[in-house]
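> Respectively, the protein sequence lines represent chains X and H.
To convert, take the position in the first sequence, counting from 1, and add 10; that gives my numbering.
To convert, take the position in the second sequence, counting from 1, and add 32; that gives my numbering.
Derived by calculation from the structure, the hints in this document are not laboratory data.
Heads up, the beta-carbon is just placed ideally off N, CA and C, and yes, glycines get one too.
A hint or two may mislead.
Which stretches of chain H does chain X cover? Using the computed rule of at least three CB atoms under 8 angstroms from a CB of chain X, they are [claimed, not checked]:
#, region
1, 95 to 103
2, 120 to 128
3, 241 to 255
Which chain H residues face chain X? A few, computed with CB under 8 angstroms, are given here [as the list claims (entries may be wrong)]:
#, residue
4, Val115
5, Cys149
6, Thr214
7, Pro233
8, Gly235
9, Pro238
10, Gln260
11, Thr304
Below are the chains, spelled out letter by letter.
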Amino acid sequence: MRRTLARVASLVLSPSGMAAARLVLPTAAMPVPGQVMLACRPSGDDSLRHTLLPIALHADGLTALQPEGASWQPGELLDLLGPVGHGFRPSTARRRWLLAALGVDPDILLPLMDMGIGRGVSVAMWAESPLPPLPPQVEVPSDVEPVLDWADYVGLALTPDWLDANGPDGSILKAASRPRLAEALVILPIPCGTGICGACAVGGGRTARRACIDGPVVALEDLTR
Amino acid sequence: MNAGAPDGPPKPDAARDSGSAVPALTLTAGKRDLVMRTPLTNAAGFLGCDGAARESLDFTALGAYITPPLSLQPRSPSHGPRVLTFPGGFLLHTGHPNRGLRAAIRQDRRHWADMPCPVIAHLLLRTSGEASEMVRWIESVEEVSALELGLGEVDAAQAAALVTACAGELPLIAHLPLGTVTAVFEAAAGAGAHAVSIGAPRGALPGRDDAPVRGRLFGPAIFPLALQAVAALKERLQVPILASGGVYRGEQATALLRAGASAVQLDGVLWTTPEKVLAPM
C-alpha cells in the first residue's frame, strides 16, 4: 500500500445518479474490484481520510462515489492511500455469478460486474434499491431466491448497519452462505488503513476482522458464523 | 501513518529544530530512563510498529514510539458506529481492541527491539490490582523505556491509587483526557508520575437513531483547547507535560512546545499528512 497523488478530472453522476468523481492516477496504484482507496487533500486540511468506493476502473484511473462531506473540484489533487486490503477473488472456475447490493448503492458492484463480463461468465445482479441501466448481458432477476440456487459465486456489498438490522440469519445471507464461494464487501469508514485503530472491525469477539487488512471483502462465512 | 509524502520524499514543515544533541525530554526512574531526542511522538493507537508501519514512516523523526493501548486481557471491538465525523474533527469509539498485554509482548517485542527510538508502553488501567500485575509483566521487557498510564476518566483519588500501583523501575507518564480537572493531574504527579500527557477529550455525537455515541475526539478543532490546557497546566505542575490534540501542522506543535509542553503527541495527522509536522532529522 502506498501513497500517491491523483487528480480530479471531472465530477460526474454515477449510473444510479449519485455524485461521483473521475480520478486520474498511476496504474500502479489502481485497485481491483472490492478494494477501496483512502483520500484526503494534500494540503493537510482534512482531519481524516475519506473512504473512496470505486464504481468504475479505467485505463488511467477510476471513478468513485464522492464521499459524504467531500467537496472536491475538477483539477484538484488528492492524496490517495491504497489500494486498501483485499478485493473480490472469484475463482476462474465459477461461471455463474450473482451480485447483490444489500442496503448500499448498487453502483459499488459495477467493477465486479465488469470483471465478470470481461471473463465471459454469466452475471445476474440484484439490489434492494433500483438498479441503474446495465449491459444487456447482465440478467436482472425480479426475485433473488431462484438466482441464489443458480449461482456458483455470490458477491455481496453491504453495511454493518444492514447486517445488524437483518442479522446473520437474514434470508439472503443464509441462502448465499450455502457451500459455495460467497464474498461480501463491507462498506464502512476506514480511518487509518493500516490495522492499528480497530475502528473498521467487522464481526465481533475474537473472530473480528479488520476491513483494512483482512477485508474490505471478507468471506461471507466470516459474517454469518 | 503514511508518512512518506505521495510520489516523493517527505518535505516536512518542521515542528522545530530537533537536531540538537540536547535531549528534548529525559525522565528518570529506578532502573531505566526515557531519553527523547526529539519532542514528537505518536499518540497511542495511531501508529503500528510492524514492517509496514516502518516502511511508511520515518521513525527516526520520533522521540519515542508509544504502543497502542494495551489491556491486561484481550479486548474486542466496540459495537455500533466507531467513527463519526463533525466539522473540524472526528470521534472514535473503538473499545481499544487489543490482544492483551502478554500477547502483545510476545508478538511485538522483536519490533520494539528494532526501533530507532525509545518505546513507551501504553497501559489501559482499570484497577490497582490489574495495574500492578501489568507493570510486573512489562518491567521484564527491557525494550520498554517508560509507561504511559491510561487512567481514563478518574477522580484524584483514583488517579493517585493507579499511579502508586505502577511505581517501580520505569518512568511513568500519567495519561488523562483533555478536560480533566487540574486537581487530577496534580494528584497523579503527586503520587509519583514523572510526567503527564494530555489525551483526547471525550465527547458525543448522534449515532444511529440519534442516540448519542460517546468517544474520543480528534481533529484540528481540538487544537485551541489543547493549547489552553497546556498553558494552564504548566502553571500548576512541576512535571513535564506531553501535549496532544488537533496538531496537523508544524506550527501547531511549535505553539504547544512554546506554551510549556515538553513533547507533542501526534494523532490524526499520522493518518493523513504526517510530513506536515514531522521534522527532518
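> The structure should be examined with respect to each hint, and the outcome stated for every one.
Okay, the hints, checked on the actual structure:
Interface restraint, the region 95 to 103 of chain H with chain X: violated (1 residues with C-beta to C-beta distance below 8 angstroms; minimum three). Proximity of the region 120 to 128 of chain H to chain X, defined as three or more residues with a beta carbon under 8 angstroms from a beta carbon of that chain, is established by the 7 residues found. Chain X is given as covering the region 241 to 255 of chain H, and this holds because 4 residues of the stretch bring a CB closer than 8 angstroms to a CB of that chain, at least three being needed. Here the hint on Val115 of chain H is kept, as its CB sits about 4 angstroms from the closest CB of chain X, short of 8 angstroms.
Using the Cβ-Cβ criterion of 8 angstroms, the hint placing Cys149 of chain H at the interface with chain X is not satisfied: the shortest such distance is roughly 17 angstroms. Taking 8 angstroms as the C-beta contact cut-off toward chain X, the hint placing Thr214 of chain H at the interface is violated, the least distance being around 27 angstroms. Below 8 angstroms, beta-carbon pairs count as interface contacts, and Pro233 of chain H has none with chain X, the closest being about 14 angstroms; its hint is therefore violated. Contact between Gly235 of chain H and chain X, as hinted, is not supported at the beta carbon level, the nearest pair being about 14 angstroms apart and thus beyond 8 angstroms.
Interface hint status for Pro238 of chain H: violated, as the beta-carbon distance to the closest one in chain X is roughly 14 angstroms, over 8 angstroms. A distance limit of 8 angstroms between C-beta atoms decides the matter here; for Gln260 of chain H the minimum to chain X is near 19 angstroms, and the interface restraint is violated. At its closest, the beta carbon of Thr304 of chain H sits 5 angstroms from a beta carbon of chain X; the interface hint therefore holds under the 8 angstroms criterion.
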